[in-house]
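**Q** One-letter residues, chain by chain:
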Amino acid sequence: MKCVFDRSAVAAVGLFTASLLVACSTPAAENPAAPAGSPFRPVASIREVMNSVIDPSVDEVWNAVGSVVDQGGLTDRAPIKDEEWAEVRRHALIVSEAANLLLMHNRPVAPPGAPSLAPGVELTPEEIRVLIDKNPEGWDFYVQQFQDSMTPALAAIEKKDAQALFDAGEKIDETCENCHQTFWYPKAVNSSR
Amino acid sequence: MKTKTMLVLLAFGAFFAAAGPALAHHAFAAEYDVDKPLELKGTLTKMEWVNPHGWLYIATKQPDGSTKNWTIETSGPAQMSRRGLKKTDFVAGMALTVKAYQGIKDPALANGRTLVLADGRSFYIGSVGGPNDGADK
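Going down the list, the protein sequences come from chains V and A.
Start counting the first sequence at -18; every next residue gets the next number (the working numbering).
Start counting the second sequence at 887; every next residue gets the next number (the working numbering).
Hints were generated in silico from the structure; no laboratory data involved.
All figures in this text were calculated on a predicted structure; none of them were measured in a lab.
Just so you know, not all the hints are guaranteed correct.
Within a straight-line C-alpha distance of at most 16 Å, the following computed EDC-like cross-link-like pairs (lysine to aspartate or glutamate) qualify [what the hints assert, rightly or not]: (1) A:Lys973 - V:Asp40; (2) A:Lys927 - A:Asp1005; (3) A:Lys973 - V:Asp51; (4) V:Lys141 - V:Asp63; (5) V:Lys168 - V:Glu158; (6) A:Lys972 - V:Asp63; (7) A:Lys973 - V:Asp142; (8) A:Lys932 - V:Asp51; (9) A:Lys972 - A:Asp919; (10) V:Lys62 - V:Asp148; (11) V:Lys62 - V:Glu158; (12) A:Lys972 - V:Glu158; (13) A:Lys932 - V:Glu139.
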């Protein structure tokens, strides 16, 4: 088992690095200087980190367990082989560590000139920036809540407990939505996950 | 990576690949039209009991006799479980009625609010933060 996890950790670093390279391949023209003394040099915007790193991997964590009803009846699905659990763990690690990327306060919200993805419903990147800058502690709180929501998922994966991994999915989604409602579409009273 | 291991991972990825349309997290009003409420009566072709949202796939008969297939987003499975709905309540081919709001970009996509099964049981299947239409009462 240890050998599997060691390999998966190495693979996770590789995949995470590859994901970042993909994210960075879309130029985010704005590349603000890091705060004095900070070694961090963000390249991708928050939107790009979400779309290229977090979304694809958290989907793999969510979709790893579930059930389908179709003409063949009810089918439960879950990782079975060590390699399958290791694959899910890689994605869970990517999500968990990518949360740290969101804590770099000089990361731009979106590439320069990028519009709101839902004008009139979701804020513009400039408006989101204002909200984050007005409430950096709140931003950190929601990001860390999101990161913490991955802990039960990682524990479930460690135990190869499919039901526990399934149960962890709701909290992950809840923490996503809490942050989005606060910073992305606070005026959309009627919002959905 | 050894070929065998690669094949296992590819097969695993294919098996778990599809769970509903790939929707990023957006506000309800960004994806669904609150001015286009629907009542869909049809038969279940598929149901996905998966996080972060469940998905119902239903076929409805059109006035001209043709069939229209709908993809309906529901709340998460844990929320539906707390409301008394179970994955074993679903069988392909069962009749059901869904009240929903139509998608803005995809007219065959909808966000479910209430589900009525053939045995008459009714469940709220809306997502947190949906329109205040009383469906959750």
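**Q** Next, verify each hint and record whether it holds.
**A** We went through each hint and held it up to the structure:
As the CA atoms of lysine 973 of chain A and aspartate 40 of chain V are separated by approximately 21 Å, the hinted pair breaks the 16 Å bound. Between lysine 927 of chain A and aspartate 1005 of chain A the CA atoms are separated by roughly 14 Å; this keeps the pair inside 16 Å, and the hint holds. Taken as a hint, the lysine 973 of chain A and aspartate 51 of chain V pair is honoured in the structure, with Cα atoms around 12 Å apart against an allowance of 16 Å. A C-alpha spacing of about 9 Å is found between lysine 141 of chain V and aspartate 63 of chain V, which places the hinted pair at or below 16 Å, so the restraint holds.
As the CA atoms of lysine 168 of chain V and glutamate 158 of chain V are separated by approximately 14 Å, the hinted pair is consistent with the 16 Å bound. Taking the CA atoms of lysine 972 of chain A and aspartate 63 of chain V, the gap is near 29 Å; set against the 16 Å cutoff, the hint is violated. Proposed proximity of lysine 973 of chain A and aspartate 142 of chain V is contradicted: the alpha carbons are some 19 Å apart, above 16 Å. Restraint check for lysine 932 of chain A and aspartate 51 of chain V: the C-alpha separation of about 5 Å stays at or below 16 Å, so the hint holds.
A C-alpha spacing of about 28 Å is found between lysine 972 of chain A and aspartate 919 of chain A, which places the hinted pair above 16 Å, so the restraint is violated. At most 16 Å may separate the alpha-carbon atoms for a hinted pair to count; lysine 62 of chain V and aspartate 148 of chain V exceed this at roughly 20 Å. With a C-alpha separation of about 32 Å, the suggested pairing of lysine 62 of chain V with glutamate 158 of chain V is violated against the 16 Å cut-off. Between the alpha carbons of lysine 972 of chain A and glutamate 158 of chain V the distance comes to roughly 24 Å, so the proposed pair goes past 16 Å and is violated.
For a cut-off of 16 Å, the pair hint linking lysine 932 of chain A to glutamate 139 of chain V is broken: about 31 Å separates their Cα positions.
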